[in-house]
Structure formats: C-alpha cells, structure tokens
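Chemist: In case you want the letters, here they are:
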Amino acid sequence: MTSAKRLFAAGALVALLILGYATVRRVGDEPAAQIDAAMELALAALEPLPSDPSNRWADDPRAADLGQRLFFDARLSSNSRVSCATCHDPAKEFQDSMALARGVGITDRRTMPITATAYSPFLFWDGRKDSQWAQALGPLESPVEHGGNRGQYAKVVAENYRADYEAVFGRLPDLREPDGVTQVFVNIGKAIAAYERRIQYGPSRFDRFAAAWQERGTPPKDALSKEELAGLALFLGKANCTQCHNGPLLTNNEFHNTGVPQRAGLPHDRGRFPAVAAVKSDEFNCRSRWSDAKAEECAELEFLAPASHSLERAFKVPSLRNVAERAPYMHAGQFSTLAEVLDHYNRAPAAPAGHTELKPLRLSALELRQLEAFLRSLSGGLSAPAKFLGAPAEPKTGD
Amino acid sequence: MLKLIFGVAATVALIAAAFVGLTMEHHAKGHDALRPAASEFGFGPRASAGQRYAATLQPRQPLRVRQLHALPVLITDASGRPIEGASIAVDGGMPEHGHGLPTQPKVRRALGGGMYEIEGLRFNMGGWWELKLAIESSAGADIVTFNLNL
Numbered sequence: 001m002t003s004a005k006r007l008f009a010a011g012a013l014v015a016l017l018i019l020g021y022a023t024v025r026r027v028g029d030e031p032a033a034q035i036d037a038a039m040e041l042a043l044a045a046l047e048p049l050p051s052d053p054s055n056r057w058a059d060d061p062r063a064a065d066l067g068q069r070l071f072f073d074a075r076l077s078s079n080s081r082v083s084c085a086t087c088h089d090p091a092k093e094f095q096d097s098m099a100l101a102r103g104v105g106i107t108d109r110r111t112m113p114i115t116a117t118a119y120s121p122f123l124f125w126d127g128r129k130d131s132q133w134a135q136a137l138g139p140l141e142s143p144v145e146h147g148g149n150r151g152q153y154a155k156v157v158a159e160n161y162r163a164d165y166e167a168v169f170g171r172l173p174d175l176r177e178p179d180g181v182t183q184v185f186v187n188i189g190k191a192i193a194a195y196e197r198r199i200q201y202g203p204s205r206f207d208r209f210a211a212a213w214q215e216r217g218t219p220p221k222d223a224l225s226k227e228e229l230a231g232l233a234l235f236l237g238k239a240n241c242t243q244c245h246n247g248p249l250l251t252n253n254e255f256h257n258t259g260v261p262q263r264a265g266l267p268h269d270r271g272r273f274p275a276v277a278a279v280k281s282d283e284f285n286c287r288s289r290w291s292d293a294k295a296e297e298c299a300e301l302e303f304l305a306p307a308s309h310s311l312e313r314a315f316k317v318p319s320l321r322n323v324a325e326r327a328p329y330m331h332a333g334q335f336s337t338l339a340e341v342l343d344h345y346n347r348a349p350a351a352p353a354g355h356t357e358l359k360p361l362r363l364s365a366l367e368l369r370q371l372e373a374f375l376r377s378l379s380g381g382l383s384a385p386a387k388f389l390g391a392p393a394e395p396k397t398g399d
Numbered sequence: 001m002l003k004l005i006f007g008v009a010a011t012v013a014l015i016a017a018a019f020v021g022l023t024m025e026h027h028a029k030g031h032d033a034l035r036p037a038a039s040e041f042g043f044g045p046r047a048s049a050g051q052r053y054a055a056t057l058q059p060r061q062p063l064r065v066r067q068l069h070a071l072p073v074l075i076t077d078a079s080g081r082p083i084e085g086a087s088i089a090v091d092g093g094m095p096e097h098g099h100g101l102p103t104q105p106k107v108r109r110a111l112g113g114g115m116y117e118i119e120g121l122r123f124n125m126g127g128w129w130e131l132k133l134a135i136e137s138s139a140g141a142d143i144v145t146f147n148l149n150l
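Going line by line, the protein sequences match chains A and B. Under our numbering, the first residue of the first sequence is numbered 1, with each subsequent residue one higher. Under our numbering, the first residue of the second sequence is numbered 1, with each subsequent residue one higher.
It is possible that part of the hints are untrue.
As the list claims (entries may be wrong) - Cβ pair distances, simulated, as ranges:
hint : chain 1 : residue 1 : chain 2 : residue 2 : range
1    : B       : E84       : A       : G151      : 36 to 44 angstroms
2    : A       : A350      : B       : A37       : 44 to 52 angstroms
3    : B       : Q51       : A       : R362      : 43 to 51 angstroms
4    : A       : E340      : B       : A141      : 45 to 53 angstroms
Said to hold, decoys possible - Listed next, the stretches of chain B that the computed footprint assigns to chain A, with coverage defined by at least 3 CB atoms under 8 angstroms from CB atoms of chain A:
hint : region
5    : 38-52
6    : 104-116
7    : 138-147
What the hints contain is simulated information worked out from the structure, not anything from laboratory work. Backbone N, C-alpha and C define an ideal beta-carbon position, used for all residues, glycine too.
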C-alpha cells in the first residue's frame with residue numbers, strides 16, 4: 001500500500017467512526033431525553049372515559065348487563081347463527097383474526113376490536129358512525145353481517161327480553177308502529193354500547209416500564225429489553241410513528257392514507273372520503289331524533305371538516321395496544337405479520353388512490369426488528385369487570 | 001505530500017457532507033417549510049400581516065393534543081383598541097407535514113370587549129402548528145398567523 005492510499009483509508013475510517021458514533025448516540029440517548037414523550041404513551045396518562053350524551057343509558061349497569069346478553073345472542077341474525085361475538089370474540093381481543101369478517105356472508109373489511117372505542121369520536125374504518133350505539137346498529141342490518149332487520153330484532157326483544165328491556169328503557173313501544181320498532185332497535189344499540197363501553201385495555205410491559213421510570217427518574221433496566229428500548233426510541237423518533245399513533249391509546253383517532261394496497265378481488269375502497277357525508281346525514285347520528293344529546297353537545301359533527309382530497313382512501317388509525325395479538329393487519333387484512341406492516345411503512349409505496357402521507361424511512365433490518373420488539377411490549381390484555389370478558393351467565397329461572 | 005493531505009481532507013469532507021445531507025433530508029420530511037425562530041411562537045399579541053390588527057390568544061387551559069378546544073382570542077387595532085363586530089375565519093395546519101387542521105373550527109360568537117371564541121379547534125399531533133385568523137371588520141381585511149408548539 002502506498003502512503004497515499006494508507007492516508008486515504010485512515011481518513012475514510014475516521015469519517016466512518018464519526019458517522020457510527022453519531023448514529024449510536026442518537027438512538028441510545030433518546031429514551032432518557034424523551035421521558036415526557038414516552039409518558040404520554042403510557043396508560044397512566046389516559047383521561048377518564050368521556051361521557052356519551054347521545055346515550056342516556058351509557059353508564060347504566062343494568063343496560064350494560066342487558067347489552068352483554070344481546071351482544072352474545074345469535075337470534076339477532078337472519079340465520080340465528082351470528083351474534084356480535086361471532087366476529088368480536090372476547091377470547092381474541094373482541095376480534096376474529098381473519099382478513100375479512102364473516103357473518104352470514106363475507107364483508108369487504110377486517111373486523112375492528114371494540115376495546116376502548118368509547119374514546120373514539122368516529123367509528124368503523126371509515127368513521128361513518130359517531131357513537132358506539134350507532135356503530136352497533138350497522139352490522140345488525142348489514143346483509144352480509146347479521147343479515148336481519150329491525151322488525152325481526154324488536155320481536156326478539158319483545159319475546160325474550162321484555163322485563164329487562166322495560167326495567168331499563170320503560171314500557172316497550174307498540175311494535176305495529178314503525179317508530180316503535182326503530183325505538184326498540186335504537187335501544188338494542190344503546191344497551192350494547194353500555195356493555196362495550198366497559199371494555200378497556202389492560203397495562204402492558206411498556207406501561208410498567210413507564211410507571212417505574214416515572215417513579216425512579218431513570219429508565220429501569222429490567223422492564224424492557226435493550227432491543228425494545230431501542231424500538232421505543234425509534235417509535236418516538238425517526239420512525240415517525242407518533243405522528244398518528246400518539247397518546248395513551250396510541251391513536252389520534254383520525255383518518256390517514258398510508259398507501260395500503262387494495263386487496264385483490266374487492267371493489268375499490270375510498271375509505272373516509274364518502275363517509276364524511278354519510279355520518280353527517282346518518283339516521284342515528286348525534287343530531288338525529290334517536291340521540292339523547294342536545295344539538296350543542298354534538299361538537300364532533302358541528303366542527304367536522306368537509307371531505308378533502310387528503311381523505312381519499314384514508315382509513316382509521318387503530319390503537320397499537322395489543323397489536324401483536326391481532327394479525328392480520330390493515331383495513332382488509334392485507335398484511336399477515338407485523339414485519340410486513342413495518343416493511344410497508346419503511347418503503348412507503350405510492351397509494352392505489354389518493355396520496356400516501358408516508359415518506360420512506362430508510363430503517364435498517366436491525367431497526368425494524370427493534371420497532372417490532374417494542375410493538376410486542378404493548379400487549380396487556382383487556383381490563384373490564386370479569387363477568388364482561390366472556391358470554392353472560394344464563395339468567396336464573398324465575399328472573 | 002501536500003497533495004496527499006488534500007486528498008484525505010477531501011475524502012473526510014465528502015463523507016461528512018453525505019452524512020449531514022442524509023440527516024437534513026430526514027428532518028425535512030420532504031417538505032421545505034422552515035420552522036420560525038422561537039420568538040415567533042406563542043399566544044401573542046401578534047400583529048396581522050398588514051398591521052391592521054393585533055390578536056392575542058387567551059386559552060382557559062393548556063392546549064393539548066387530540067382534545068376539542070374552545071379558545072378565546074382578543075382582537076384589537078394596532079394601537080390596542082378592541083375591535084367589535086369582526087367576522088373571523090379560522091384556518092391552519094402543519095407546514096412541515098403538508099396537512100391542514102383535522103376539524104373546521106368556527107368563530108360563532110363575540111364575548112364582548114374585542115374578545116371572540118374560536119370553537120372546535122383540534123391538534124392531532126405534537127409539533128409546530130400554524131393557526132391563521134382571517135379578520136374582517138370596518139377596519140378592513142387582514143390575516144394574523146400564530147405559530148404554536150404542541
């Protein structure tokens with residue numbers, strides 16, 4: 001080697017060392033520098049359950065008990081084989097682990113978990129409903145989900161739940177009147193919502209790490225692995241995850257186009273764009289005659305931004321709590337593993353329609369593994385009264 | 001020998017420049033918006049572009065991410081006299097991310113004494129937000145832009 005080449009090599013080595021040091025420093029130092037940012041993601045920062053002025057029975061325990069029984073009742077379907085729990089299985093985080101939901105037929109979208117949906121102003125992948133009770137009524141009359149109609153369901157209530165219904169909602173209306181039928185149908189939704197409202201996320205290893213960090217002032221060494229810690233730093237830093245997955249539920253509850261591919265064989269899905277008009281004119285929205293809210297309590301509808309191009313093919317940002325427990329991912333189960341999801345965000349391909357908000361992240365294979373490890377630390381099961389985490393006990397005879 | 005040292009220095013500079021370039025590209029996130037100086041941030045008083053008005057935000061509680069806020073704002077003329085009977089349109093967004101506000105906030109009522117209420121304002125992530133008030137009154141039309149750090 002000539003002395004020129006030797007010097008050249010030495011120079012390159014020095015530059016590489018500087019580069020390597022800077023990279024290591026950025027990742028390694030971030031958790032300590034970002035305690036506040038990390039604490040914002042912890043379950044301890046979750047605000048109290050917001051009230052639902054559109055549902056007068058939202059916090060009525062008898063309504064929740066009745067709602068649980070209706071949730072598990074397959075008579076609320078065209079073939080007596082589909083209940084809410086068919087797709088929202090409490091043994092599977094209230095979802096079904098399938099790419100597309102199967103009721104009496106097959107839907108065009110993935111079942112969403114119902115956990116903590118009481119915090120969400122808009123429901124479904126496209127936000128076309130604005131309360132838990134209005135959401136619950138959608139699948140009941142969908143021809144591919146429960147497949148029946150409100151007249152049939154009102155009859156099921158009259159024949160099987162009359163006493164419990166009347167104890168909560170008052171006298172059963174005349175079912176020969178269309179409004180009487182719709183009133184019972186609406187109250188089925190409100191009872192189910194009172195039940196679903198109680199289903200929340202349990203604390204994860206990340207939450208225990210955050211609690212210990214806050215208590216001691218330094219990140220605890222035993223709660224998360226080095227790999228998971230590095231993943232947390234990426235999550236808060238250059239992976240840009242908290243742009244959308246922020247707050248203790250790890251969602252901003254908004255709708256974004258992230259260039260998720262169209263699932264083969266399904267009609268083109270425009271996501272949030274058409275749903276803005278749909279929720280505004282929905283039969284059961286906050287301003288409808290079936291809602292218990294005063295007009296001024298419907299702020300989400302009042303200040304709803306008009307559909308703009310950025311909402312074309314935009315879908316709901318899901319919570320990342322328990323995300324490792326519920327593959328496949330995205331609104332039509334397009335990705336079967338977390339690694340595939342992270343690869344998508346890393347590459348940021350063009351959207352099939354509209355514009356993706358993603359930019360390529362250029363993360364290394366190691367960094368992607370670290371992010372995945374962090375996501376796996378977010379599993380903490382469910383938090384709800386034990387009796388609500390399964391099928392209801394059979395009512396005693398004579399009740 | 002001089003030539004050698006020059007060569008080595010050039011190599012180091014090139015690699016360092018590539019690194020800096022990569023870092024800057026990452027931070028810009030594909031948008032050219034430049035974050036204003038810290039002195040440009042805050043609740044005001046803030047002069048309008050054409051110096052017709054000054055506006056001061058007077059939040060009742062700290063602004064927080066994801067919440068729907070009602071935010072009082074005081075509108076005066078350049079010399080501090082309250083402006084009554086103004087109509088105010090609200091716009092804004094995140095210049096670094098190229099998106100607007102997630103809701104459509106409105107000013108529907110005056111609180112008196114030059115105070116108005118911005119309702120339905122939400123920020124859906126942390127970072128630099130612009131909040132623009134297009135003010136119209138007998139004093140003319142003008143725009144005030146606030147820079148807020150959530």
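Chemist: Determine for every hint whether it applies to the structure shown.
Modeler: Do the hints match the structure? See the list:
One distance hint, 36 to 44 angstroms for the beta-carbon pair E84/B and G151/A, is violated here, with the actual separation near 57 angstroms. Look at A350/A against A37/B: about 36 angstroms separates their beta carbons, and that is not inside 44 to 52 angstroms. Separated by about 45 angstroms at the C-beta atoms, Q51/B and R362/A satisfy the suggested range of 43 to 51 angstroms. A hinted range of 45 to 53 angstroms for the beta carbons of E340/A and A141/B is consistent with their spacing of about 52 angstroms.
A stretch counts as covered by a chain when three or more of its residues have a beta carbon under 8 angstroms from one of that chain; for the region 38-52 of chain B and chain A the count is 0, and the coverage is violated. A count of 3 residues in the region 104-116 of chain B with a Cβ less than 8 angstroms from any Cβ of chain A is obtained; the coverage claim is therefore met, three being the minimum. Taking a C-beta to C-beta cut-off of 8 angstroms, the region 138-147 of chain B contributes 0 residues in contact with chain A, too few for the three needed, and the coverage statement is violated.
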